[in-house]
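**Q** One letter stands for each residue in the lines below.
Number of protein chains: 2
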Amino acid sequence: MARPRTISLDAMGGDGGPGVVVPGAALALGQHPDVEFLFFGDRARVEGELAAHAALARTSRIVHTDITVAMQDKPSQAVRRRGSSMWLALEAVHKGEADCMVSAGNTGALMAMAKLCLRTMPGIERPAIAGLWPTISKPCIVLDLGANIGATARQLGDYALMGAAMARALFNVERPSVGLLNIGVEEIKGIEEVRQAHAWLKQSELPIDYRGFIEGDQIGQRIADVVVVEGFAGNMALKTAEGTAKQMAAYVREALTSSWAARIGALFAARGLSALKDRMDPRRLNGGPLLGLNGIAIKSHGGTDAFGYASAINVGYQMVESNVLERLAADLDAFHGTLHEAEAARKTS
Amino acid sequence: MARPRTISLDAMGGDGGPGVVVPGAALALGQHPDVEFLFFGDRARVEGELAAHAALARTSRIVHTDITVAMQDKPSQAVRRRGSSMWLALEAVHKGEADCMVSAGNTGALMAMAKLCLRTMPGIERPAIAGLWPTISKPCIVLDLGANIGATARQLGDYALMGAAMARALFNVERPSVGLLNIGVEEIKGIEEVRQAHAWLKQSELPIDYRGFIEGDQIGQRIADVVVVEGFAGNMALKTAEGTAKQMAAYVREALTSSWAARIGALFAARGLSALKDRMDPRRLNGGPLLGLNGIAIKSHGGTDAFGYASAINVGYQMVESNVLERLAADLDAFHGTLHEAEAARKTS
Numbered sequence: 001m002a003r004p005r006t007i008s009l010d011a012m013g014g015d016g017g018p019g020v021v022v023p024g025a026a027l028a029l030g031q032h033p034d035v036e037f038l039f040f041g042d043r044a045r046v047e048g049e050l051a052a053h054a055a056l057a058r059t060s061r062i063v064h065t066d067i068t069v070a071m072q073d074k075p076s077q078a079v080r081r082r083g084s085s086m087w088l089a090l091e092a093v094h095k096g097e098a099d100c101m102v103s104a105g106n107t108g109a110l111m112a113m114a115k116l117c118l119r120t121m122p123g124i125e126r127p128a129i130a131g132l133w134p135t136i137s138k139p140c141i142v143l144d145l146g147a148n149i150g151a152t153a154r155q156l157g158d159y160a161l162m163g164a165a166m167a168r169a170l171f172n173v174e175r176p177s178v179g180l181l182n183i184g185v186e187e188i189k190g191i192e193e194v195r196q197a198h199a200w201l202k203q204s205e206l207p208i209d210y211r212g213f214i215e216g217d218q219i220g221q222r223i224a225d226v227v228v229v230e231g232f233a234g235n236m237a238l239k240t241a242e243g244t245a246k247q248m249a250a251y252v253r254e255a256l257t258s259s260w261a262a263r264i265g266a267l268f269a270a271r272g273l274s275a276l277k278d279r280m281d282p283r284r285l286n287g288g289p290l291l292g293l294n295g296i297a298i299k300s301h302g303g304t305d306a307f308g309y310a311s312a313i314n315v316g317y318q319m320v321e322s323n324v325l326e327r328l329a330a331d332l333d334a335f336h337g338t339l340h341e342a343e344a345a346r347k348t349s
Numbered sequence: 001m002a003r004p005r006t007i008s009l010d011a012m013g014g015d016g017g018p019g020v021v022v023p024g025a026a027l028a029l030g031q032h033p034d035v036e037f038l039f040f041g042d043r044a045r046v047e048g049e050l051a052a053h054a055a056l057a058r059t060s061r062i063v064h065t066d067i068t069v070a071m072q073d074k075p076s077q078a079v080r081r082r083g084s085s086m087w088l089a090l091e092a093v094h095k096g097e098a099d100c101m102v103s104a105g106n107t108g109a110l111m112a113m114a115k116l117c118l119r120t121m122p123g124i125e126r127p128a129i130a131g132l133w134p135t136i137s138k139p140c141i142v143l144d145l146g147a148n149i150g151a152t153a154r155q156l157g158d159y160a161l162m163g164a165a166m167a168r169a170l171f172n173v174e175r176p177s178v179g180l181l182n183i184g185v186e187e188i189k190g191i192e193e194v195r196q197a198h199a200w201l202k203q204s205e206l207p208i209d210y211r212g213f214i215e216g217d218q219i220g221q222r223i224a225d226v227v228v229v230e231g232f233a234g235n236m237a238l239k240t241a242e243g244t245a246k247q248m249a250a251y252v253r254e255a256l257t258s259s260w261a262a263r264i265g266a267l268f269a270a271r272g273l274s275a276l277k278d279r280m281d282p283r284r285l286n287g288g289p290l291l292g293l294n295g296i297a298i299k300s301h302g303g304t305d306a307f308g309y310a311s312a313i314n315v316g317y318q319m320v321e322s323n324v325l326e327r328l329a330a331d332l333d334a335f336h337g338t339l340h341e342a343e344a345a346r347k348t349s
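Chains as they are written, first to last, in the numbering used here: chain A, 1 to 349; chain B, 1 to 349.
Fair warning: there could be bad hints in the mix.
Identical chains blur together in the list; that is why a pair holds if it fits in one copy or across any two.
Straight-line C-alpha distance at most 25 Å; calculated DMTMM-like pairs for lysine to aspartate or glutamate [as the list claims (entries may be wrong)]: (1) Lys246 / Glu91; (2) Lys202 / Glu321; (3) Lys246 / Glu343; (4) Lys138 / Glu254; (5) Lys246 / Asp278; (6) Lys74 / Asp15; (7) Lys246 / Asp73.
Note that these hints are calculated values from the structure, not bench results.
The whole structure should be built from the sequences, with the hints applied where relevant.
**A** Here is the structure:
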């Protein structure tokens, strides 16, 4: 049996605050009884919620703070709130008091604070945000979902390795398959950075199964464990997919309530439709790691509920369990070494 | 009654060739009896198809050519096929023999040929491809869907005016609403070009109702008639939305065939589900204009059927009817004039 894991939680982050974070932790504890939680936030509110969760209350600690980061705070303001629940939860990871942290707070603030507090891994300029993407079979990992705008070829290569590290942790696969998102209009097949990254990923001896270019409509076909894209297009793809899914769900609802016959039909099909609803449930795939930092930080959706929050904790737990960062550091080092050699060879030739 | 419209068709373009193009034109003729079609392609095959469509055969002309552009041809190869059905159909527009053209052929080849044959409008560096996007209410227009990678602020401004011109033609609205697609992570709210375009669109006296930034998940909410985005992210958003829609449709199919009860339910709900299917039918929204050229060229999806092809013809017809290009040229001229003055003012101050 593994040693107890400690997960620090920004109890004040997200729309629900402790009202979501505490019951979420209780659900996660049910799945992972070896976890100890460290709550940062308003003690009275956290204790109030813990009253309903005896097992969780027994093994948790609370560190009180009055300071919180608001959803509308600018990252530049937020990083000055060093005593905030978000900062303290990150600091617990930095100090080794926690194995990972989860926050449902402001994404920009969390990224800015995480960079300051945990620092980026050697050779990494900018961390990325990854996420689980629903497909026709099991989910895949997509990154960057918007931590950065634009990406150099080297950064796209870094993303491939970061995503592969996450895939190893979550999908239990040793050599994850990776695709590079690109657009299909022949004339202009991809920007220079994407083409260069493609060349590197194809040639290099990386511990991934590189599948080449894929297009946006193939993400959902589960062609690869990991899909790499720069953050502007990645965020847009994510948001557009979310919007389309909501729109389709509304269409289906309308179709099945459009007449009495349709409603009776929906009753007969209730079990199938309920499975459909589960399948489309975004809470199951909540939890996006910030990758490229010296520590594991998970962003939970701000509007999620306890079930969704528990999913985010679970992502963190699995990444801790599989020792993601050590392996990733070695992989990044090898990749950067290859680039360095190639550059040196180019200069002397 | 308006004078007869002439529409030139690349009869060999697309997966189905004349087998789709001719019946598509027949359907379009049913809606618009004042149209005369000009088919470019293999005379025997076009005549063979026309045999089943007497009314169309009476009013159409065929210009024979053996030369075709293949789906896998590179644009640089394709532009050398000056006698091809695609080129000749474009040339008919250039020479004033047709009011617009439609092709279901290779997108990259069509764009490259259109630039050479029709030339870009004054002040326009790069044409864009626009498309109709399904929303919860009527469709909206999104551009650029991938003609160009990246866009300057000025080009994004041009796209806004091009999209507005198309909206006037298709939605019968004098002052179309326009949104600029951006990403929502606070820290890095958009790239410089998008921010600059936002400032210009907000301030300038353009004949549009500018609604500011919108995010990808809002496209389907019908917040604006026109959504502007650079082509890499735009193509990715389009493809991702298509993929998500297909994926959801597969989920729904599975849910409604998962058991006997579900199948009985689907029978009861048949009418509602059939309306749902119509609503999700991509053929209804087929037809993406290439905008920013001295002539109207419509790209049809390569894999569509006669119904979808007729939709693409209809887009061209409506754009011809509303004299899109004249008005657009004036709007672009005014916009570029404003930019020029602003630049001059900046230099002298």
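**Q** All hints, please: hold or fail.
**A** Checked hints:
1. For a Cα distance limit of 25 Å, the shortest separation of lysine 246 from glutamate 91 qualifies neither inside one copy, at 37 Å, nor across copies, at 44 Å.
2. Proximity of lysine 202 and glutamate 321 under a CA criterion of 25 Å is satisfied in neither setting, with 30 Å inside one chain copy and 51 Å between copies.
3. Proximity of lysine 246 to glutamate 343 under the C-alpha cut-off of 25 Å is found in neither arrangement, the shortest distances being 47 Å within a copy and 43 Å between copies.
4. With identical chains, the CA atoms of lysine 138 and glutamate 254 are at most 25 Å apart between copies only, with a shortest distance of 16 Å across copies and 28 Å within one.
5. In this assembly of identical chains, the alpha carbons of lysine 246 and aspartate 278 lie at most 25 Å apart whether taken from the same copy (14 Å) or from different copies (18 Å).
6. In this assembly of identical chains, the alpha carbons of lysine 74 and aspartate 15 lie at most 25 Å apart only when taken from the same copy (17 Å versus 51 Å across copies).
7. For a Cα distance limit of 25 Å, the shortest separation of lysine 246 from aspartate 73 qualifies neither inside one copy, at 28 Å, nor across copies, at 38 Å.
Checked against the numbered hints listed earlier, the structure breaks hints 1, 2, 3 and 7; every other hint is satisfied.
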